[in-house]
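Engineer: These protein sequences, in sequence, are chains A and B. With UniProt numbering applied, the first sequence corresponds to residues 1 to 81, in that order. With UniProt numbering applied, the second sequence corresponds to residues 1 to 196, in that order.
What the hints contain is simulated information worked out from the structure, not anything from laboratory work. Predicted model, so just to flag it, every value in this text is computed and none were measured. Heads up, some of the hints might be wrong.
For lysine-lysine, the following BS3-like pairs were computed, each having C-alpha atoms within a straight-line distance of at most 30 Å [unchecked claim]:
hint	chain 1	residue 1	chain 2	residue 2
1	A	74	A	14
2	B	98	A	14
3	A	24	B	125
Each chain, written out:
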Amino acid sequence: MSSQYDITETLDVKGQSCPMPVVKTKGAVDDLDEGQILEVVATDSGSMSDLAGWAEGTEGVTLLDQVEGDDVYKHYVEKTA
Amino acid sequence: MSAENEPSATETAGPEIDPEEFAALRERVEELEASVVETDTGDDGKKMTIVATQGTFDMAYPPLILASTAAAFGWDVVVFHTFWGLDILHEENSQDLKLSAVGNPNMPLPNAIAALPGMDAMATKMMEKKIDENGTATIEELIDLSLESGVDLQACQMTIELMDYDEDDFYDGVTTGVGAATAIQHMAESDVQLLV
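Required output: the full structure, derived from the provided sequences and hints.
Structural biologist: This is the structure we're talking about:
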């Protein structure tokens with residue numbers, strides 16, 4: 001499934017569970033420039049709630065979208081500052 | 001090169017200042033000023049202190065998971081390890097933390113059997129296997145992750161001496177030489193304080 005976003009990087013955390021999807025997303029976002037978008041591909045169903053909570057509580061990131069696919073959860077995070 | 005506008009600057013500065021360079025410097029100063037403002041707001045960021053007192057395999061996880069996650073939120077995190085919690089940071093002992101088979105009613109074993117020799121080791125093996133299958137990080141991975149994310153993992157000095165440990169026994173990056181007062185100080189400034 002192609003995304004509507006212009007993705008700069010994709011982070012694959014398939015097979016990893018809490019707290020890895022959030023912690024690794026933070027690390028990957030740190031490496032981006034302002035305005036760039038990270039795609040996070042996870043299999044942990046908890047990542048839906050966790051990444052939303054993380055993005056809400058963290059400055060300089062915006063969660064653009066979360067897509068639930070076949071056993072795969074995709075998250076689109078923009079670095080805004 | 002406008003000698004007309006800045007004669008004194010040229011005089012005192014000696015070599016002439018290239019206007020382009022000057023403009024670039026001015027821009028850089030503005031950038032830095034903006035970043036100072038950002039840093040100031042960073043100081044108002046959240047803080048968390050966790051006191052980790054338990055040294056069983058299962059109890060090593062909650063403080064490390066919470067600490068690394070809070071660091072991902074940009075929080076300033078201290079985990080103060082004391083008593084058995086010290087073993088989590090002890091390079092050798094942390095590889096050998098055990099799950100207790102006794103006293104956990106959810107274990108599929110009666111306590112009388114769980115108390116037999118070798119049962120703790122067996123329960124630990126089972127848990128390690130499950131953790132591996134589930135894609136859950138190991139304790140060592142979580143320690144590395146926490147340190148990389150800027151979590152301050154502190155080893156209580158009094159307990160180090162009580163247990164006859166050496167400061168070199170701990171993972172690189174662990175803070176030693178700290179006591180209750182250091183922990184209290186960070187707790188007083190923290191938004192979240194947890195005893196695990």
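Engineer: Confirm or reject each hint.
Structural biologist: Hints, one by one, checked against the model:
Restraint check for residue 74 of chain A and residue 14 of chain A: satisfied, since their Cα atoms lie roughly 10 Å apart, inside the 30 Å limit. At most 30 Å may separate the alpha-carbon atoms for a hinted pair to count; residue 98 of chain B and residue 14 of chain A meet this at roughly 28 Å. Simply put, residue 24 of chain A and residue 125 of chain B have alpha-carbon atoms about 27 Å apart, close enough for the 30 Å limit, and the pair holds.
Checked against the numbered hints above, the structure violates none of them.
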